[in-house]
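Undergrad: The primary structure of each chain is shown beneath.
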Amino acid sequence: MLTAELLASSLRMAVPILLTAIGAVYTERAGVVNIGLEGMMIVGSFWASVGAYFYGPFVGILFAMLAGAFLALIHSVTTVTFGVNQVVSGVALNILAYGASRFLSLVIFGKATTSHHVSGFKPIDVPILSDIPFLKLLFTDISPIVITALILVPISKYIIDNTVFGLRLRAVGENPLAADTLGINVFAMRYAGVIISGMLAGIAGAYLTMEHTGMYVEGMTQGKGYIAMAAMIFGNWTPTGTLWASLLFGFAEALSLRAGEGSIIPYQFIKMIPYLLTLAVLTGIVKKATPPAASGEAYNRSNG
Amino acid sequence: MEEAVVLKNITKRFPGIVANDRINLQIQKGEIHAIVGENGAGKSTLMKILAGLYQPDEGEIYIFGKKERISSPNKAIELKIGMVHQHFMLIDRFTVLENIILGAEKKKGVAIDKKTCRQTIKKLLDLYNFNLDLDAKLENISVGHAQRVEIIKVLYRGADILVLDEPTAVLAPQEVDELFVNLRRLKEEGKTIIFISHKLDEVLNIADNITVLRRGKAVGTVSADSVTKEELAKMMVGKPVLMKLDKAAAEKSDVKLSLHNIVMKGNGGKNSLNGVSLEVCGGEIYGIVGVEGNGQKELAEAIIGLRQDYQGEIKVCGKPIHGLSIKQIRDSGVAFIPEDRHRQGLVLPMKVWENSILGFHRKDKFKKGMFIDIKKAEEFTLNNVKEFSIMISSIHQEIEGLSGGNQQKVILSRELSQEPEVILAAQPTRGLDIGAMEFVHRQLLQKRQEGKAVLLISADLEEVLSLADRVGVIFDGEIVAEFAPEEKTLEDIGVYMLGAHRKAGESA
Amino acid sequence: MKKDYNYKILALKIAAPVIAMILAALISSLIILAIDKNPLQVFYTMFKFSFSRLDSIAIIFFNATPLIFSALAVSIGFKMGLFNIGIEGQYLIGTFLAALVGFSLKGLPAIIHLPLVIAAGMVGGMLWSFIPIFLKVKRGVHEVISTIMLNYVAYSLIHYLIADVFRDKHQSLIEGLGSVLVRTPKLAESALIPKMHGFFALFGVELPKHVYLNWFFPIGILLAIGIYYLVLYTPFGYELRAVGHNPEASKIAGIKPDIVYLKGFLLSGAVAGLVGLSDLLGYFKYMDMDFPQGYGFDGIAVALIAQNNPFGIIASAMLFGFLKRGSEGIQALLKVPMDTIVILQSLMIIFIVVITKIINDYVKRLEKKEAA
Amino acid sequence: GQKAEPPKEEKEQQEQKPEEKKIKVGLVYDIGGRGDLSFNDSAYAGLKRAEQEFGLEVTDLEPSSGGEDREQLLRLLAEDGYDLIFGVGFMFTDHIAKVAEEFPDVKFGLIDGAVEDIDSSSNISCLLFKEHEGSFLVGAAAALKSKNGKVGFIGGMKSPLIERFEYGYLAGAKYVNPAIETFSDYVGTTGEAFKDPVKAKELALKQIKAGTDVIYHASGASGVGMLEAAAANKVWAIGVDSDQSLTATDEQKPYILTSMLKRVDNSVYETIKDFIEGRFEGGYRVFGLDDDGVGYAVNDFNKDLISDIQPKLEELKEKVVNGEIKVPADKNEYEEFLKTLK
Ligand SMILES: Nc1ncnc2c1ncn2[C@@H]1O[C@H](COP(=O)(O)OP(=O)(O)OP(=O)(O)O)[C@@H](O)[C@H]1O
Ligand SMILES: Nc1ncnc2c1ncn2[C@@H]1O[C@H](COP(=O)(O)OP(=O)(O)OP(=O)(O)O)[C@@H](O)[C@H]1O
Ligand SMILES: [Mg+2]
Ligand SMILES: [Mg+2]
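Protein chains in written order, with my numbering: chain A, 1 to 304; chain B, 1 to 508; chain C, 1 to 372; chain D, 1 to 342.
Please keep in mind that the hints were generated in silico from the structure rather than gathered at the bench. Some hints here could point you the wrong way.
What the simulated footprint calls covered on chain D by chain A, stretch by stretch (three residues with Cβ under 8 Å from a Cβ of chain A suffice, anywhere in the stretch; the number is not a length) [unchecked claim]:
#: 1; segment: 35-43
#: 2; segment: 184-197
#: 3; segment: 205-217
#: 4; segment: 221-230
Where a beta carbon is used, it is the ideal one built from N, C-alpha and C, also for glycine.
Please work from the sequences and hints to get the whole structure.
TA: The following block contains the structure:
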């Protein structure tokens, strides 16, 4: 069952989850819960089609990032500046993203549910890896975005663990008051975290549109934004952990596609795996989850 | 000689209270300047203003002669002012190193230059021969070490003016001594140190000059070697409190509350309660004094049933209560006035009348069928409001809007109106103005007349001495001495509180 | 002085949603202009179409019905400071259990069958709300994440049950052509909820045949009133609010927060279990793969706009019902895509939460000034 | 950039003068609506054609994402004085039945759905298609073109309708080459399965890796994922419903062997035409190979690709039309059919 082909499929399925989940790590480590990731993926997938259709893949990515960032900016303003409930804001943004994308698609492409065909980046081979027999299938003509996503893991791990930015990001997520007393701009850090998450979610959407199917189709994110949150939790709020979790979830999805007629467990149950695993993690059955201490709490100095 | 800090007419108001009232203060460069005052005197507030956390409503600040607006913590750091907060500002999940450098990281490109940081810190550690494991996660180190981290944090930022807010409140005596050695060395280095405390011996020991705050006002600055502890105490508390007089004799009845050898684990291996035994009779006020964090909180929580993880036996009116729910304990006749009224005593967004039946809302007298009998509850509240002369616009007002004193009165009225046999009062007057304070005191005395048992836990020595029939000094989770108030002077008690010759005197 | 300052607060609290709606409407107008339509004409048509016709008004009530239940369920969570984002899953499970009881039991008198079906719905909702609250109380799992996960588990589970287990195999094809629905068998007549036509007829109001307004609407209203009194005037409701605002103080006062959370969440789940029943028992008469989804999230919005006030919830559910009906109108009559209304709704939510927050903070400052 | 058409219709509505009353034709899509690259689009094409030809006033509407308001939209059109109203998709079956009863003077067209016991006097005309017959031909084409002797099918939402595509296709393949190996996958079990190109692509890649070199899909918009995968791996793809060679990208066109045409557009057009000419008939109207209601696409892009097998396909078409071959429409019939091959 565990063929290279299955792994390749798992990887493709994992990438959008991974990109968004890494974003989730940034926003959550900064202490802001971002349920709106699903919506940010949606606008990403749509705007990528616009950018790519009129100006080519690079603009596609750019548009996707900007769109995601824009939604994230709204989330920051409402939750960080005004301190409204982070979940509420996220929920509202998801509805907005859905409606706005359908509407704009109608205006721009003349149909609410699909864009025109767009073409993505040229697939590439990863130098060394693509020569290794077993990995060949995994690393020959794959999307540059896949590679970007994988590279982002160590980079993000480095940023979060070893850079000034990362340290301060984690600080405002753990104890904003303490960070504040040390002259760290809590709001700025949180804005940064949220907006990074928006950009990455946007890229994830772009990946679906440009690289995977060559077309934007309404609802093509299929709730991957939520799975990404699950992956982030399952990965224990760490980039590396998120990688493992995303691959695991991607694997589950790839598996569910192969559980056709004949399989013993109905594929609906295989579809549940990511969610059940996440619950298990949160419950401490698999391993103890340790969310950032101040995650989900608005900060304003007077209550400090 | 140059003045490091000059405060002119600093005023800071909080809802219902003037925390700092036109405070003037001069601090010379290179001195250790102590600020003393009772709880709620306004010490922390004043220092938070200096650290840029609060903005004063009025007044001017001069740092090294220059007029400054300390608009933010950043500004304070620029001005080389560093503060060690009463409640530590540390991040549990960070390492010691990360905690120290946070916000003042030495960079190599975008990355943190951990190596240079480490060296810089090592230098400081050696200079003041602190020992600290820089790679330990903060959640795993002791309070004493955490405090060192805070101090190093400040030095690492090159602060010349150090503010330490009640640094000793959490320290064991020998740790206190170490701290003092370090402070003296810092002074030699030419640093200016502002040292906050309400412990007189300490202050006299370490400080050059002492400023006394009382109820938000600066009542004077004296030099340490020209003042005695008595004089200081007098300045702190103000003129001897009147109500001492109308404390009529009440005849003690039988034991209503008894604790037998209570032991409770604390964090860091050592017990927070270490075999506490005491008895409170009806018609008696038993006062517990001690340095904060010596087990007062735990004691109260054990009695009210908030914590069950203790050995030993607690009896209320002869009945053991270990394992009973909080509700059951309350029903068995225990009233509780918690030390933090906002967090533990009230539901701020709810109405006055709702708060005044909190915990008793299921009592039959407040029920009509399946509903709460609003009418009864309102009558009840209005009655309390009259009896306790609570100042409110309406009992349908959210209790948030009330001043601290009136909020405390609501709690008091609620707890005392249920005819309790045992009254457990923790810091009942913290942060109250004199009027409210006197009122609370009179209420407690009245209950005493009525033959109830009152256990009064307070950090306010004067309060305890003026109210209690018997006083127990708690240190390290033990009652180290027990005596009648008139038997001991302030300094004797201070000595017990600091744990020197424990079990001295006619101990329990 | 105190008095009129209380009125001021009241005024502010009411102002919040109004301002939000105006802002949202303004932005939506820009959107409408973008597709060169006339906003005024669009809004006018929405109102005219919705309120100048008997059936529209009844349909607005019908549209509002599920939202009333789901918003009430959400608000119960909010009251105790918990976020039940799992209404979605809870009503799917509830609806399915109701359907199951509806089509598997036969020959019962309606007087017994209908109550059974409704009870089944509530049980289903409670079942699905028990898991997250149990995990929270016992294992400290945050309810937002767990309920989101459980929503997805519910989707898959329901799809499995409908497609593979209880699928109606007895739908006839004509000449073996056309197609049949992937759905449960039709529910027994005795399980269905009666329409309200007869009732309105008593007042000489003849509802058109195609209106599906049924007795779940009045049930929803009664429930709202019930919950209003429960929350404000019963010891349990009192505890809900106390724990919601300050668990620690409540605990010290002798209330057990965990018990309150448990009871409250189960209640919320039970109400959530009713969300889908108006559609199931009053319209579709079977549950299929495309059973309406999203009532849970709309309910959050409705509850927010109403600031969790049960009567406000009825009003804002009506508002959403109107927006839905209106969007059908402008789509059919002016060819304006319904998505403009979706956008309008989401903007409204965002503005509401922000403005409400600002106003509440301002009110707090007012009160502190009062005190100082 | 392409701009939306709607303004055109809108102008007509405004310019419309009361005296010369145009015939009004309305159409309500199934979820997915226009742009589903499938029968919604096809229906729209038919509507447009009729509009141009007969100068009608037309409106096309889309139900909300849940589809609860299908019935309302039908009714609104009926009330708004539309003379002929189409419901696209079997989801409309119950709704059209209800609305048609309320508006006996309005005619209705139901695509893919069958309202029970109605006759020619009814105001509902159910437009049904023998998708299995068309699928049979493309199945044969697939088998004829497959070098590896492996052909695949990808369906959208698992349902009897899509299964008819599946088994017709498999039968066609087996008919020309009983030894051929077949693969079938479905994207999902809900309406969502018609908008999930990501999954469709993965399924296609899976089949391709398994050696399949011709893949046919009946999965609406999800299909673009399959086309993408096929082109990328240089294997044959077979489109569905409308001629997908025409909408595909230049990279994809060379690999689209043909498309199974389900002429929803014709059925809509025909129905409108009959109505205008006063020949509207209720009941069931079946479109099959005989009347070109279904078939396979030949266009500038693929005519050279299939010229070699076209004679064979025409021959099979003949056999199906004259009943020599009875194409299976579901699993059981398919298994029966296989026996007859041995
Ligand atoms: N197989 C796995 N499945 C899920 N999570 C994993 C797995 N392996 C490791 N993790 C998670 O990855 C996280 C990080 O991995 P690792 O311990 O190798 O480096 P790390 O320094 O913890 O990473 P980071 O710097 O991102 O925290 C771990 O905390 C763990 O939660
Ligand atoms: N953020 C705040 N909001 C409202 N009131 C406050 C706030 N901070 C302090 N107060 C009040 O101001 C008064 C002074 O508080 P402060 O903490 O300065 O006293 P303190 O001298 O530090 O007492 P302690 O010895 O207990 O630390 C107290 O009555 C306190 O309740
Ligand atoms: Mg790590
Ligand atoms: Mg203080």
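Undergrad: Next, verify each hint and record whether it holds.
TA: To see whether the hints hold, each was checked on the structure:
Residue count for the segment 35-43 of chain D with a Cβ under 8 Å from a Cβ of chain A: 3. That meets the three needed, and the coverage hint holds. As drawn, the segment 184-197 of chain D meets chain A at 8 residues by the rule of a beta-carbon pair under 8 Å; at three or more, the given contact holds. Residue count for the segment 205-217 of chain D with a Cβ under 8 Å from a Cβ of chain A: 3. That meets the three needed, and the coverage hint holds. Check on the segment 221-230 of chain D: 5 of its residues sit with their Cβ under 8 Å from a Cβ of chain A, so the three-residue criterion for coverage holds.
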